[in-house]
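S.K.: Sequence:
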Amino acid sequence: MTDLLDLLCARDGIVCTTGAGGKKSVLFAIAARHPGRIAFTTTVRTLPPPASLGARIVIAPEDRLEQDIVALGDARFVAYACPGSKPGRLAGVPPPRIDALHAALHFDITLVKADGARMRWVKAPSAEEPVLPPGITTLIPVLSARALGEPLSERTAHRVERLAAITGARAGEAFTPLHAARLMSSEEGLLKGAGAARIVPVINMVDDATRMGFAREAAERALEETGRFDYVVLARLKGAEPQLTIVKR
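So for the sequence shown, my numbering puts the first residue at 162; every next one is plus one.
FYI, nobody ran anything at the bench for these hints, they're computed from the structure.
Do not take every clue at face value.
[Unchecked claim] Below, in silico cross-link-like pairs of lysine-lysine (DSS-like), each with a Cα-Cα straight-line distance of 30 Å or less:
hint : residue 1 : residue 2
1    : 185       : 399
2    : 247       : 353
3    : 399       : 353
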């Protein structure tokens, strides 16, 4: 199997996930395999990272983050965020601060959750989303194969009206591989804000043959629609080792 870090262009720099259906799972898979000095952070509200991640955790106001991380010494893996306004929630770090900390503290890679989706399987960005650091080097847009073939609804999707406008899907009708391809290839969809960053789309939760068929069709159609990326990764991230399939143009 091709090395996950190379496949996701996640050896160095600032790597961000957006979309829905596995943003943190992708970042955690990268962190678990990266040999260098790692930062994990967020630009949006989120839950605290799990203890199983194995990171030293820093929760501090923006202007104190650097000194608190420095106080950890040569910690190889640091997860940091700002305090949230609600119990059990963390607030995002302003994007320019992430760039500054990445450079000043000599992280090999900074992993950023740069979007929220309210635990849905697919989403379209609002006018203010995603929240990407200026220094982003790799963008990994994510959607879940579980959304494919399912009726488009608030149960499966975040921002249903935006999804409909971008993809042509209709609320209550099946969200098809064609709709997913349009979302992945749209500058108003999962390419939004990417700039010059490398893009590696991931269709996650490809857990059975039916979902594999849907996901492969979506990937092939997306590659026909845009030249902005050269392949799509179909993933099943449960288990000790990720199961990855590469769909190329």
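S.K.: Which numbered conditions among the earlier hints are violated in the structure presented, ordered from lowest to highest?
M.R.: Hints that this structure does not satisfy do not exist here, as all of them hold.
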